[in-house]
Amino acid sequence: MMAFLQSGPVQTALLLSGAAALLCGALGLFTVLRGQAFAGHALADVSSAGGAGGLLFGLSPLLGFLVFGLMGVGALEILQTRRTAARDEAAGILLGAGLGLTALLLHLCLAGHGASGAAQAVMFGAMFSAPPGEALWACLLAGLSLLVLAFIARPLLLASLDQELALVSGAPVRGLGILFLLLLALGVTLAAMTVGAILATALLIGPAATALRLVRGPVMAAAFSAALGLAACWGGIVLAYASYGWMPGRTWPVSFFIVALLLGFYAAARLGRRA
Amino acid sequence: MSYVMEVWLAASLVALAAGAAGFFVVMRRAGFAAHALPMAAFPGAAAASLFGFPLWAGLAGFALGGAGVLALVQRTARRDAATALLLAALLAVGALFLSLSGHYAGSVYGLLFGQVFALGVGDLPMLGLIGVCVPLLLWLGLRPLSLSALSPDLMQVQGGRPWVAELLFLALLALAAGFAVPVTGALLVFSLMLGPGAAAARLSNRPGAGLVLAMALALGLAWAALGLAYVSDWPVGFFTGVGAALVYLLARLKPL
Amino acid sequence: MNGTALEVAGLSVAQGGQDVLRQIGFDLPRGAFCGLIGANGAGKTTLLRALLGLLPSQGRIRAGGRIGYVPQKLQFEPDLPVRARDFVALGLDGHKFGLSLPSRGRAAKVEEALRAVEAEGFAAQRIGRLSGGQQQRVLIAHALVRAPELLLLDEPLANLDIKAAAEIVALLKRLCRERGVTVLLSAHDMNPLLPVMDQILYLADGKALCGPVHEVVRTEVLSALYGYHIDVIRVHGRILVVAGGNGHDHAHDVEHVAAIP
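Chains as they are written, first to last, in numbering that gives the first Met the number 0: chain V, 0 to 274; chain E, 0 to 255; chain C, 0 to 260.
Bound conformation, chain V alone (with noise of 0.2 Å):
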């Protein structure tokens, strides 16, 4: 247990997902609320090329992902005031591009580098890999984003619940809907170096429709959240760790337990009665 504790990679791996779970938590419940999956979806697909990017050209991966879950951000604000069917098509499409972009920079990574484990490390999760220092800066962005998520949480809470409400109070709706967003993108980039980029929907979603169906008020909710997406990242490190001895010479990768984890906290509550 202490070598555990004690290795590199694993206090990397607890610190990022740590970082990871609690923002996704939290940002996840009002994900839902509001009806932004998609545009978190969206956001993790974009931003797995900035991942790529950094890994082909030697930059920090939390900057490549950031950088273009930012321009993402930007883009989904551009296309904001069409009809939602038509929306989501243009999304979807020019989505393609950007994974367009992915293929190619990974390809990139692949022939030049001989990074073989390229594509399964932006796509599906590099936790252990991360260099320490950015553990730390993980954690200390998603401590800052918390903390301006708790400032806003009121009018952003009511803005998601009702527009107009918000509005007639005096919410700046428009303006929390931004900053919304660009919270997202730090948090779906934290979940895409956990997770990988495709499977970073689900820490952002999961806990928090679970947490939706298992306790009423706003604040429990997006704390049993964060506690939830917490349970499953470090409980899955743990199962990836004992896998090693299921199979000789062969662990299963991480992110597998991690989402099993979170979909079956999520079975569980839809089996349970509704708070």
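Incorrect hints may have been included.
The calculated label-pair distances, taken between Cβ atoms and stated as ranges, are [unchecked claim]: (1) E/C132 / C/P28: 44 to 54 Å; (2) E/A215 / V/R249: 42 to 52 Å; (3) C/G131 / E/L252: 27 to 37 Å; (4) E/C132 / V/R215: 46 to 56 Å; (5) V/R86 / C/G131: 21 to 31 Å; (6) V/W245 / E/Q73: 31 to 41 Å.
Treat the hints as calculated values from the structure; they're not laboratory data.
C-beta: ideal position from N, C-alpha, C; glycine also.
Knowing the structure of chain V, use the given hints to seat chains E and C on it.
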């Protein structure tokens, strides 16, 4: 048949099916299914590699299973959260299978972004079947699929069964999406379907012509992507994704 | 059956555990123009959908021939690749799988239906780009194309401005007269239909009364239907159905109202 010809033929067949299905995805506002089904097929391919059964069986089985789940989940509340989690779980299982099969590194890229050049001549007959049957059946179902998209009530009043059209559509979409995964990769099937599909819906104002145009655009896109990939050694997925967006944006220039 | 277009007896519909329609019974004579009138939420749409078999119901429904249905406004995206003409054609064979070879007979029926609703001018436009009134006409043509004996329309006049509504009413009356189509259309205000209605099917409290307007729309009749006091007031040829009051004759109050410009 030379290797290049085989690849060309395989990609063409996949494109025809994808274009046809994509047109109805646009008409029926089924974008979510077009996103989800390729991802459902992903673990099928991984399972085939791990457990040693034919690729097409894994793809078809998992994709059709995914379509079944989608059909069931249609009516429940908060379905996006549930389906998004299920999809993530399927992808995670796919990652597990790939990791266990020892082909993690190589296959992840291929199944996510496409590695058409990895298809074998043994896959051609199945692809041929899909490339011919899917567009054909969609063509035969043009009227019911259109009417049930516009108003399921009116279809029922005329004696039709909207749920039959829906099941047929989802099944054909699943097959088209599943078989496109080796060619374009799970993440880019959506682009191959919706870029041409949405462009065709914009450029043509009637269903029959729109369907044909969508297939033609998808074919053109696939050929361009293949050609450019062959010449530049850059991945097909890049050209597919960017090309689909270009086709879509160009079509949107035409005023309605 | 020959003289009636629709025979309904003991029709009951429950939704969400509640009785929406209770033992509804009426006969619609062939060729009649009948308004299904009731307040919002009274169950007009439920009744129409039950008649079409789109909802489970108890009781007996017998129609003398084919029924055409014009639903409430459908939502069409402006970029749907379906023209008005295509939509009307789907009214003929939209439920059939299989190859559709171009057929002169079918095309003629489609053109005829479009002509009947005066939609030739915009038949080639995408259906999602038409105005409310134009879409209504196309929906009617879609229902007409199979030459139904009975036409059911769900609130065709809602969302239309006065002029467009009057045009639709005139169109429907013409179809009724010239083709002998029985028309049953629902509305929450009977007044635009007063000049053209032969019959009224008045729906309240889950029950219905059917008959000529002057027989059904009377204080004592509607009060019995609702179960509490209703006043029926006629002002300048228009009818107001008003709840409450104490049953006394307030004729002088009505004249006072009428005098207000």
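Going down the list of hints, with the structure as the test:
no.	hint	result
1	E/C132 / C/P28: 44 to 54 Å	52 Å, holds
2	E/A215 / V/R249: 42 to 52 Å	47 Å, holds
3	C/G131 / E/L252: 27 to 37 Å	28 Å, holds
4	E/C132 / V/R215: 46 to 56 Å	51 Å, holds
5	V/R86 / C/G131: 21 to 31 Å	24 Å, holds
6	V/W245 / E/Q73: 31 to 41 Å	38 Å, holds
In summary, the structure agrees with every hint in the numbered list given earlier.
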